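Let the hints inform the model, and build the full structure from the sequences given.
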Amino acid sequence: MNAQKDKTEESLLIRLVGSYIAREANRNTLITPTRAELSRARTHATVFVSVFPDDSADQALEFLNRHRKDFFEYLKKNSRFSPIPGVRFEFDYGEKNRQNLDSISLEIHKAEEEK
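Each residue of the sequence shown is one higher than the one before, starting from 1 at the first, in the numbering used here.
Hints are not guaranteed to be accurate.
Pairs of lysine-lysine residues, derived as DSSO-like cross-links and limited to a Cα-Cα distance of at most 30 Å, are as follows [as the list claims (entries may be wrong)]: (1) Lys96 - Lys69; (2) Lys5 - Lys110; (3) Lys69 - Lys5.
Each pair of labels, with its calculated beta carbon distance range [claimed, not checked]: (4) Asn2 - Asp55: 40 to 48 Å; (5) Pro53 - Glu24: 18 to 26 Å; (6) Ser105 - Lys76: 38 to 46 Å; (7) Glu90 - Arg15: 12 to 20 Å.
Please keep in mind that the hints were generated in silico from the structure rather than gathered at the bench.
Computed from a prediction, not measured in an experiment: that's the story for all the values here.
Backbone N, C-alpha and C define an ideal beta-carbon position, used for all residues, glycine too.
Here it is as structure tokens:
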């Protein structure tokens with residue numbers, strides 16, 4: 001498959017995960033899908049999520065993995081994926097590291113302004 005189709009399908013998957021989470025998850029935790037990776041055969045996908053507050057990450061991943069079958073049915077109803085990929089969810093450590101770098105950069109910038 002071509003790279004543009006890959007990006008389009010991954011983007012669609014992220015939007016569908018976001019709408020499913022908005023509908024099914026509780027409102028005490030913010031779970032945001034950040035990126036998705038489809039396998040070459042399009043039979044499996046990994047969706048990476050960020051979670052706020054950080055101490056709720058384990059519960060959020062447990063929730064998402066408990067609802068994998070329900071999400072599979074949601075994909076069947078709301079997408080045109082063929083085949084429908086099996087989805088697994090993982091915490092996006094890359095996004096967490098980026099946020100840490102942003103906060104460090106902001107602290108350095110503030111320290112330089114104070115000089």
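Tell me the hint numbers this structure goes against, listed in increasing order. 2
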